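If you're matching them up, the sequences are chains A and B in order. Here the first sequence stands for residues 4 to 356, where the numbers follow the numbering used here. Here the second sequence stands for residues 115 to 449, where the numbers follow the numbering used here.
Treat the hints loosely; a few may be bogus.
[Unchecked claim] The list that follows gives simulated cross-link-like pairs (lysine-lysine, PhoX-like), each with its CA atoms no further than 20 Å apart: (1) B/K395 / A/K227; (2) A/K227 / B/K268; (3) B/K224 / B/K268; (4) B/K125 / B/K185; (5) B/K182 / B/K125; (6) A/K230 / B/K376; (7) B/K421 / B/K395; (8) B/K206 / B/K182; (9) A/K181 / A/K150; (10) B/K376 / A/K231; (11) B/K419 / B/K395; (12) A/K35 / A/K110.
Simulated from the structure, these hints should not be mistaken for lab results. Computed from a prediction, not measured in an experiment: that's the story for all the values here.
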Amino acid sequence: MDRRKSEKREKPDMAERKPNPGPPGENTVTIKDLTVEYKMKKYSIRAASRVSLDIRRGRMTALVGESGSGKTTVASALLNCISTPGEIVSGDIIFHEKDGSVVEVGKLNEKQLNAFRWSRISMVFQGAQSSLNPVMTILDHFYETMKVHEPKTTKSDAADRTRRVLSVVNLNADRIMKMYPHELSGGMKQRVMIAMSLLLDPELIILDEPTTALDVITQDYIFKILKKINKETGIAMLLLTHDISIVAKFTDYMAVMYAGRVVEYGRTADVFRHKAHPYTRGLIMATPSLYGDLESMKPIGGAPPDLMELPEGCVFRPRCPYADETCGREEPILRTVGENHLSRCQKEVFHVK
Amino acid sequence: MSNNEVLMQLKNIHMVFEKGGGIFSRERYFHVLKDINLDIYKGEILAIVGESGCGKTTLGKIITGLLKPGKGEITYQGQNIYRLMGMDSGYKKAVQFIQQDSYAALNPVKTIRDSMMAPIRVHHKELSYAQGEKLAGELLERVGLAPAEQFLSKFPHQMSGGQRQRVLMARALTMDPRLIVADEPVSMIDVSMRLAILNLMSELNREMGIAFVYITHDLSTARYIANSGRICVMYMGEIMELSSMDELIRSPKHPYSQALFKAVPVPDPDCADIDTPLPLKSMELMDLEKRNGGCPFYSRCIYGKEKCLCEPVEYRQVDGAYVKCVYEGVPKWEM
Ligand SMILES: Nc1ncnc2c1ncn2[C@@H]1O[C@H](COP(=O)(O)OP(=O)(O)OP(=O)(O)O)[C@@H](O)[C@H]1O
Ligand SMILES: Nc1ncnc2c1ncn2[C@@H]1O[C@H](COP(=O)(O)OP(=O)(O)O)[C@@H](O)[C@H]1O
Ligand code: SF4
Ligand code: SF4
Ligand SMILES: [Mg+2]
Ligand SMILES: [Mg+2]
Chain A
4 MDRRKSEKRE KPDMAERKPN PGPPGENTVT IKDLTVEYKM KKYSIRAASR
54 VSLDIRRGRM TALVGESGSG KTTVASALLN CISTPGEIVS GDIIFHEKDG
104 SVVEVGKLNE KQLNAFRWSR ISMVFQGAQS SLNPVMTILD HFYETMKVHE
154 PKTTKSDAAD RTRRVLSVVN LNADRIMKMY PHELSGGMKQ RVMIAMSLLL
204 DPELIILDEP TTALDVITQD YIFKILKKIN KETGIAMLLL THDISIVAKF
254 TDYMAVMYAG RVVEYGRTAD VFRHKAHPYT RGLIMATPSL YGDLESMKPI
304 GGAPPDLMEL PEGCVFRPRC PYADETCGRE EPILRTVGEN HLSRCQKEVF
354 HVK
Chain B
115 MSNNEVLMQL KNIHMVFEKG GGIFSRERYF HVLKDINLDI YKGEILAIVG
165 ESGCGKTTLG KIITGLLKPG KGEITYQGQN IYRLMGMDSG YKKAVQFIQQ
215 DSYAALNPVK TIRDSMMAPI RVHHKELSYA QGEKLAGELL ERVGLAPAEQ
265 FLSKFPHQMS GGQRQRVLMA RALTMDPRLI VADEPVSMID VSMRLAILNL
315 MSELNREMGI AFVYITHDLS TARYIANSGR ICVMYMGEIM ELSSMDELIR
365 SPKHPYSQAL FKAVPVPDPD CADIDTPLPL KSMELMDLEK RNGGCPFYSR
415 CIYGKEKCLC EPVEYRQVDG AYVKCVYEGV PKWEM
């Protein structure tokens, strides 16, 4: 941890880092068999169940699923900050430094974790823009954040860094720094949050539904900025969303979540082409588009899963049009179905040839 | 479904809200709707699309008589609705509003039976309680909540968002409406269930001849439900383009519609174009004070000319669409 801290101080800023995005395609984080439970008095809920996932450097990876599927839970596990009464029951989260050394997030103590958050992995929380303090200027927000991690930071130091990260998200820094949150539009506030996540030069940024409250034009604008940062700096991004159209447009890899499971993982283009898992198929067919045939669209039957009463065998079985009696025997595992492509369906017919 | 017979007419609607913003607010008044002219046809599906805050909900509430505009005239079957509302004319029953948040719309301590029976007791006085209950059951099954007995004694929190949205539909049906204004009815529902609610609305439209105004920020669901209907694109309180859905999908004509089309993500990675910036001059929103009666899209528009700012913008008809843009040189749409 100490090594990392001293290294961080020498770390060049965003602009200087541009030419060295690091080797693309390598993992920044590997999640192996992660299980998270919320343990209540009378019962417990398994919100993530044996989740395995690679998050690659310089790529945008999506975690896509409906409300309650476990996206936020998995992302919080990456920072070891699951809300109470949740806890990691089993599994490994491995963070890969660029020099090849690794950090096991689950083994960090509280002090190490605090240093780790923001500087290695930062997160833009769901609805984060509303957490801005109305009586603090934007600069003060950045200054506070920096002080937590680097207590000796001066305000002019903070202003320099703030200026840099605000310009990365195309905000007029000198104007914005002096403003109060209520003077900014929703889109500007969200860009401020993204800038803040860049402040300590992390290797991975987690974005939880970053544009859900924004209109599509602002959404498009913000994602184009994110993609640019993603490509040029090599910072990995993990996007949590329920919107499969955004996943199609902006991400490189995707993991589809259902009832706390990753049911399909692969390159975004491959997943859309092969739709190896019936839930992925269903989701794509249930998503209206501006183009293409409307006749073939249809909703997924049945009701969303109840984590308290999951069926035996495959969790998607009650809604799956391809289910048969063999699907009820045991829960399918995440199997390789193509190059870099995994699916949690036992039927061979859906596997990529 | 629509036979082009006008059901409701909105003429020169203006709506101004006073800003309650306190010490931080700059302007005190604020034009939420400006010069809205819109006919709603019998049995049609009309989608109203626009970004958050553009005035969609306000317009929906005005259509259903829940809000009174500052200026303008609204008629239902040719008669002014404010004159009608005092009388037992049927307008109030015939035009129903369904709000976005189905949880807030239903009384949490009342069962679905109670929520259904309240309007039935008021509007179907001729029915005995048992007959009323039978009607409630039939309507619940009509909207896909079958068998009704399973749902009548439930409380709102015991149902999913999609099921509650169906209850709202069934409750509206107790009035035998001619028009239902549905405000973002699927935005709070799980993706996998959205189409089913949209399909239900299409079905009620087809089979019962009920006209729908579908309010949304999502152009893709608008296309899905109003595929053979019309669409109205709003921006900052004004209607920018009004046309058949077909024509709009084929070729959006207003510079705002064109930018919107480029921005909407499509669920197909092969269509992704993330390198071309949107056809916009800037992301800045118009400062409403500087607007001078001109075009509210000026600050973002790549085709804007000086005259756009000082002249009131009139509608032009282009290929059957109404387009609120003075500039005739906007290029034809190409994919
Ligand atoms: N603090 C908590 N206590 C108890 N259960 C929780 C807690 N946080 C989440 N859960 C449960 O865990 C499951 C997954 O929640 P999570 O917030 O990760 O889902 P999500 O995919 O992010 O959904 P959304 O899109 O609604 O935010 C849900 O069933 C949720 O009710
Ligand atoms: N009662 C009200 N008082 C003041 N402002 C309002 C009121 N209702 C709506 N507004 C404002 O009017 C604008 C349009 O609102 P609304 O019609 O709800 O938009 P939409 O549904 O398209 O999001 C918004 O800026 C909103 O804040
Ligand atoms: S294992 Fe069976 S039920 Fe599960 S997704 Fe595959 S076909 Fe459907
Ligand atoms: S009127 Fe002018 S500013 Fe407005 S959309 Fe047309 S060209 Fe653009
Ligand atoms: Mg979440
Ligand atoms: Mg609204």
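To see whether the hints hold, each was checked on the structure:
1. B/K395 / A/K227: holds (16 Å)
2. A/K227 / B/K268: This hinted pair is violated, its Cα atoms lying about 46 Å apart.
3. B/K224 / B/K268: holds (9 Å)
4. B/K125 / B/K185: Roughly 9 Å separates the two Cα atoms, so the pair holds.
5. B/K182 / B/K125: It holds: about 13 Å lies between the C-alpha atoms, which stays within 20 Å.
6. A/K230 / B/K376: holds (17 Å)
7. B/K421 / B/K395: holds (17 Å)
8. B/K206 / B/K182: holds (14 Å)
9. A/K181 / A/K150: holds (18 Å)
10. B/K376 / A/K231: holds (18 Å)
11. B/K419 / B/K395: holds (12 Å)
12. A/K35 / A/K110: At roughly 15 Å apart (the allowed maximum being 20 Å), A/K110 and A/K35 satisfy the hint.
The structure shown violates just one earlier hint, number 2.
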